[in-house]
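Line order of the protein sequences matches chains Y and H.
Okay, so the first sequence: first residue is 247 according to the working numbering, each after it adds one.
Okay, so the second sequence: first residue is 247 according to the working numbering, each after it adds one.
I should point out that these hints are in silico values taken from the structure, not numbers from a laboratory.
Hints may contain errors.
One copy or two, either will do: identical chains are not told apart, so a pair holds if it fits within one copy or between any two.
List time: in silico BS3-like cross-link candidates among lysine-lysine, alpha-carbon distance up to 25 Å [said to hold, decoys possible]: (1) K369 - K335; (2) K369 - K322; (3) K322 - K470; (4) K322 - K408; (5) K305 - K408; (6) K313 - K369; (7) K373 - K305.
Chain by chain, the residues:
2 protein chains.
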Amino acid sequence: MVNAVFFDLDNTLYDTKLQVDSARRNAVKAMIGSGLDVEFADAFKRLNEVVSRHGSNFKNHYDELLKSYGMATEEKIIAAGIVAYHETKKAYLVPYPDTIRTLLRLKELGLKTGVVTDGVPVKQWEKLIMLGLGDFFDVVVVNSEGGRVKPDPTSLIEAAEKVGVDPSECMIVGDRLDRDILAGNRAGFTTVQLVKGHQSVPRDTQEEPDYMITELSGILEIIK
Amino acid sequence: MVNAVFFDLDNTLYDTKLQVDSARRNAVKAMIGSGLDVEFADAFKRLNEVVSRHGSNFKNHYDELLKSYGMATEEKIIAAGIVAYHETKKAYLVPYPDTIRTLLRLKELGLKTGVVTDGVPVKQWEKLIMLGLGDFFDVVVVNSEGGRVKPDPTSLIEAAEKVGVDPSECMIVGDRLDRDILAGNRAGFTTVQLVKGHQSVPRDTQEEPDYMITELSGILEIIK
Chain Y
247 MVNAVFFDLD NTLYDTKLQV DSARRNAVKA MIGSGLDVEF ADAFKRLNEV
297 VSRHGSNFKN HYDELLKSYG MATEEKIIAA GIVAYHETKK AYLVPYPDTI
347 RTLLRLKELG LKTGVVTDGV PVKQWEKLIM LGLGDFFDVV VVNSEGGRVK
397 PDPTSLIEAA EKVGVDPSEC MIVGDRLDRD ILAGNRAGFT TVQLVKGHQS
447 VPRDTQEEPD YMITELSGIL EIIK
Chain H
247 MVNAVFFDLD NTLYDTKLQV DSARRNAVKA MIGSGLDVEF ADAFKRLNEV
297 VSRHGSNFKN HYDELLKSYG MATEEKIIAA GIVAYHETKK AYLVPYPDTI
347 RTLLRLKELG LKTGVVTDGV PVKQWEKLIM LGLGDFFDVV VVNSEGGRVK
397 PDPTSLIEAA EKVGVDPSEC MIVGDRLDRD ILAGNRAGFT TVQLVKGHQS
447 VPRDTQEEPD YMITELSGIL EIIK
């Protein structure tokens, strides 16, 4: 019997991959529209390479993109990219169509709910608030980098304690086998992997979830 | 005869003070709505004090606000403030009602236009783009902190050269006597101060503008 459901945040309650991909595309388009005289597909490929090389928290992706074309920094073009990126990210920061409906149904069923996610705590909270989900959960745990991030099961077990439900009656829903599912299996939770078609979920682990779903609302069938 | 008009950006093409004041108010309201149990007026006053003390580019205004109440950092409350602040800033980042009309009229009259502003170049360009003004000007000069910021007249003289107009035929429009007007007088420009009712323009300088206006479109009368 499931009495508490915990969710990963990114790619579980909303579509991070679509958000970031769209934001990068629109950034490149805006830069071209502001005078960057290059071919879209090539520039988009180069931007993705820059992000892979320097990490997503690097501050000068667009300067590096210009540099890859032998161009000096041009503030108007850089700013056009930054504005388009942030506006697109904001526009795509919406829950999956069935996220809110599913969470409300869990409330009606009397289940406890929580989020267990990794990242910068204030940033993860900003996302929850902008998603309109800031008030939905009984507990939100954010593990900072270097802390007890998943697959460490500690934060899952603590979250279960906070809502007063035994791990054997807890469910974790997430997209990543090597993080969410592994942590959940270690914690003794029922584990559910959300697999979306456009995601290339890393299969570099033997970890198996108890269930696989393609839509978040799929958990309602499992709980029944 | 005026053949080129240069504008300061902040508080000249749009209302920065209203923007920041509204953003701070909404940040405090959102924090209270997220569980900060304090009185609005008192918290708003404290937040303004925190910003005065630490500068507007300080990253932890809201943590300091909580600290002033003897509270520890609480990510949900901090994030609520940050989200409300940025959403309000964005919503208020619009030109004055007569800004675009005035700029278009200058185009029709065949005058050159430019922006001469101080700040982080990419940030100032982001504002111009979000204001919808990124493509309006023949020249945009942004002086970084520590560079030749106003009242140094160098950037005004360079901007005049770039559009090929003699300083005696150039106008500078800005809100600050100690920066825009002083720089303009030194450069030999016609100087116009934009004075908005709610602004407390520092009067700690003897500098006098050639003209004072209360609406940006007032320059059209002067040019006539």
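Alpha-carbon proximity between K322 and K470, which holds within one copy, between copies, both or neither at 25 Å:
Intra 55 Å, inter 32 Å, cutoff 25 Å: neither.
Which holds for K313 with K369 at a C-alpha limit of 25 Å: within a copy, between copies, both or neither?
between (30 Å within a copy, 20 Å between copies)
Between copies, within a copy, both or neither: which fits K369 and K335 at Cα up to 25 Å?
Answer is both; intra-copy 14 Å and inter-copy 18 Å each pass.
Is it within, between, both, or neither for K305 and K408, if the alpha carbons may be no more than 25 Å apart?
neither (37 Å within a copy, 31 Å between copies)
Within, between, both or neither: K322, K408 at alpha-carbon 25 Å
between (50 Å within a copy, 17 Å between copies)
For the identical chains here, do K373 and K305 meet the 25 Å Cα criterion within one copy, between copies, both, or neither?
both (20 Å within a copy, 18 Å between copies)
Copy assignment of K369 with K322, given that the CA separation must stay at most 25 Å:
Cα proximity of K369 and K322: across copies only (10 Å, versus 27 Å in one copy).
Hints 3, 5, counting from the list given before, are not met by this structure.
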